[in-house]
Amino acid sequence: MKRIAHEAVKSAARIAALSMVIGGGLAAAAWAAQPGGAPPPVLQSETAGVTPFQGLTAHDLTYSGLDGVTTGGVRIIDGDTARTVATVFSSQYANFAWAPDHRTLYISETYWTLGNRGTREDVLSIYGGPTLSNEGEIALPGRLISDPKTHTFALSADGRYGYDYSFQPAPAVSVIDLRARKVAASVEIPGCGLVFPFGKRGFASLCADGSLAVADVNAQGKYAVHRTKRFFDVMTDPVMDESVSDPHSGLALFTTYDGWVHPVHLADTPRFDKPWSIEKAAGLSPATSHVGQITWRPGGQVPFAYEPSRHRLFALMHEGPPWSFEKPGSEIWVLDARSHRLLHRWDVPESAYLVAVTQDEHPLLFALSEEWLWVMDPDTGAVLRATKIVTPGLARVRGGQ
Amino acid sequence: MKRIAHEAVKSAARIAALSMVIGGGLAAAAWAAQPGGAPPPVLQSETAGVTPFQGLTAHDLTYSGLDGVTTGGVRIIDGDTARTVATVFSSQYANFAWAPDHRTLYISETYWTLGNRGTREDVLSIYGGPTLSNEGEIALPGRLISDPKTHTFALSADGRYGYDYSFQPAPAVSVIDLRARKVAASVEIPGCGLVFPFGKRGFASLCADGSLAVADVNAQGKYAVHRTKRFFDVMTDPVMDESVSDPHSGLALFTTYDGWVHPVHLADTPRFDKPWSIEKAAGLSPATSHVGQITWRPGGQVPFAYEPSRHRLFALMHEGPPWSFEKPGSEIWVLDARSHRLLHRWDVPESAYLVAVTQDEHPLLFALSEEWLWVMDPDTGAVLRATKIVTPGLARVRGGQ
Amino acid sequence: MKRLDVDKFGERLTRRLAGRLSRRSALARLGALLVAAPAFPLLPVQRARAADAATAGQKGTDFSRAAQTHDDTACNYWRYCGIDGNLCSCCGGSTHSCPPGSQPSPTSWIGSCINPDDQRAYLIAYRDCCGANECNKCSCLNTDHAMPIYRPQANNHIIWCFGTQSFEYHCSMAVLVGLAE
Amino acid sequence: MKRLDVDKFGERLTRRLAGRLSRRSALARLGALLVAAPAFPLLPVQRARAADAATAGQKGTDFSRAAQTHDDTACNYWRYCGIDGNLCSCCGGSTHSCPPGSQPSPTSWIGSCINPDDQRAYLIAYRDCCGANECNKCSCLNTDHAMPIYRPQANNHIIWCFGTQSFEYHCSMAVLVGLAE
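Protein chains in written order, with my numbering: chain A, 1 to 401; chain B, 402 to 802; chain C, 803 to 983; chain D, 984 to 1164.
Heads up, some of the hints might be wrong.
[As the list claims (entries may be wrong)] One side only, chain A facing chain C, incomplete, derived with CB under 10 Å:
no.	residue
1	83
2	151
3	239
To be clear, the hints were calculated from the coordinates, so they are not data collected in a lab. Where is the CB? At the ideal position from N, CA and C, for every residue including glycine.
With the sequences and hints as input, model every part of the structure.
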């Protein structure tokens, strides 16, 4: 494997070492230089293997790259050390989720038999076991090929079902029975997209008219889809694709371009709480879509993270005009999603595209820029450690959405 | 398609433009501001199509990326403008060559039906026609999967046959009849590798003992392989994989790590000229493999280019110790391969990994670094223009090797 | 290969409908056709008109004020008000032509941009060229008035390669469809 | 999937042969086995001995003089004298262990490196881990005494994934085989 090494690396790596300049005199001189003077023992030979995979830890972050910009692959980083734990192969435009056992990884992905041509194959690939190896694939009827979006694929909270958003030829969700390893149903959701699971087998989707589609299931496993009221104005201030939801409680925080948070308790009959403004929580005027209004707004590739136990919403914020919802955040705002108060504003060392927070007692906050991952203390904003990464597309934590 | 745009780009691209702020008064004001005062005509609608491919020009450079570091693809750049002309899809670890019509592109590549797994398919893909589109594939019995190497694939000078180096399970060359679109022969070359075509149907390979394997063919199309004498010492100073050869004359300039050029006239019975030293041509002591000898040496990913009409050899040179043959060049040395004289030493703006020269009356010199392509005047060393590129792996020019 | 049975018909229809039918019904039908999905009642032009109300009295937008009409290889070229990806003009193609080695997708998302020369708004079809590896030149991100993925007809994160032989994204065009007035 | 019928046998054999047989014949047979090719008579150890003659009287090499033995995530770790690629130690593995998600190839190329602690030369098997997308961490390029591709047993440009389920390159290990004396 040939790499173009960077200068810093090259300087340490000059010249021939295959030469065996070994002789009694030389070796003796080397030994004499050792503290203690005794010749060190001859190193023992090794057997090559695979480092066992211990399961996703509470502080591990799993992320994939931004397709087109970088190669595929699902990468695991230990937040406690900022070191890479493992990498699992994936196609471009893949999505992924961990089973509740924290050991089984599902990857929703698409291949063509000849790279960009030939026969298309949409599959849910299964990885697990002590070496995180491939354990087979479940054929899917289709998938949406798009830039990475968190909510194109999700599991039910108990891990029994997978939900995969498909778009071709019509918007639908493939419900995958993960125990039986087959697609159990294909549920059409006309005019809607994405999937937010709730309860045992239900899911909701966002609709182009500002409503939700709710799919509930009867005892026979038949899905029925109905629409809620319109709860946001898609024309002037749509809800972001990358809104957060908690699969365990069913709470979704649908957040708009202008920073309005619409809390919705997902259920067969969803309950809509009153929306509140991130900007107002910070003592600012609410953001609007008026041309020229430069103010703080949420933005990025994955601009939100949620910590259900403490009701904390983390938002990547930048100063910009309306419709700048993909601009990366220069700050992370920490908000109390119950009291609608701003708790903290943390600087990030470099504008960040993704934010994530672990779901444990002593959580870590992750901010990901184009090339760097920073591990932060969510309570103090301190940067604890950092590592270089490939340009990120999606991120998942243990027990998170 | 979502891209993380860089700051320079983003600053130019601020805010909403889908809003239609059109009214009589506004429009009139805009027209009044036009020189001449008359309202400009309404722009006409367009039909989308594909820009016709005019064939590879004498100043076009075709290059592929360094696999692992970047994505696949065969990219054509016009040396007269430093602009991209076209891109053709390829797998990782591909090689490619142009037919003598300068319109048909052959790509030797490998796919698996499921990305990294499933059924392996080694193919020679054919692209051509006015849109440079796929015109089918020829199945290959196998290919070497390695970092890009110029001489793993080549065409006969008349374009009738393709030669593809295979390694698994044993070193062999697949001879592809490009007219019949099938593999005509698989020629085993035990202990040897790579392919340097000569004449109508012959080819030579470099061997691990310092000799050449020469494959010639009888009237019945049967290949016979014989070995030449050992003409270089593979132990201390091997000939580089990326030595240049001229498929039309059969002249190969096999060049060693230490900069010794072994001119060989490829034929059924090759003729070996006396080796000469690049360093000696520059008035320096010849480079050696003695540890610690820091001197000028050839190096890079593709360190040599040859211009047969003027017998000029272009070499990427750097100062370094023995075995630093992958270090990029800070200078390009221009050598007369007949008189063994150094003609010029040109600086490159940034250390270069690849060099290439066009084969026409008014040639252009190309130097490629990790991110940049410089178009240079081979006679003056002047940098004429530059463009950003993906990290380069291989490069081909019209009529070149 | 699963693929939609759509072709250049989509683009021709856009133009024809835009000229002959009432805006709402024409574009509603177009949207359904482009994405082959049954229920997308509202389209960018409608959104734009709504935004128009909010910005009444303002001349153009920040983008159109800074836009130019002479260099289609720069991100601030007037037609690129909503483009997201590599400009085909930098890849061997043009605003309405794919580079050799790639194919134009018959599907697209639709925006409208103001031409600074005549202050008129034009309908623009942002069409991807597909089949070749990503071009990697002139990456632009003009996301104004771009909609989430659950409104696909105005979403630029979808790989708009439906109806071509390949979903390999190469670059994006900004094809002029006609006046948006 | 075409693949060689080789397994961990390759590595075990390396060690066994290195200990029991005369160097020339052992490594010649090993080379043939590793690359499953019939005629590679000469191997890195022989090359090294030849180089040895040329450098007689010099203590170590530039690499071994600057090498260290405590940090196997740095390019100047002593075993990496001939490595070329991402260090598995930075990817969730170690010098002799693949990260989860990848598989060790039973084939490799062979080098020998001097351990600064005891000034002894050890045989090192540079084995690729395969199957996962490229790791992209700790990219090192120590090409000393690396040979051209027509001498595959000492070439680091070949993707050494023969015998695994995948040719997807992930990272490279430097497995200690034994003394090279």
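For each hint, the structure was consulted:
1. Taken as an interface hint, residue 83 of chain A does not check out: its beta carbon lies about 30 Å from the nearest beta carbon of chain C, beyond 10 Å.
2. The beta carbon of residue 151 of chain A is positioned within 10 Å of a beta carbon in chain C (closest approach about 9 Å), and the interface hint is therefore held.
3. Hint status for residue 239 of chain A relative to chain C: holds, with the closest Cβ pair at about 7 Å, below 10 Å.
Of the numbered hints stated above, the single one contradicted by the structure is hint 1.
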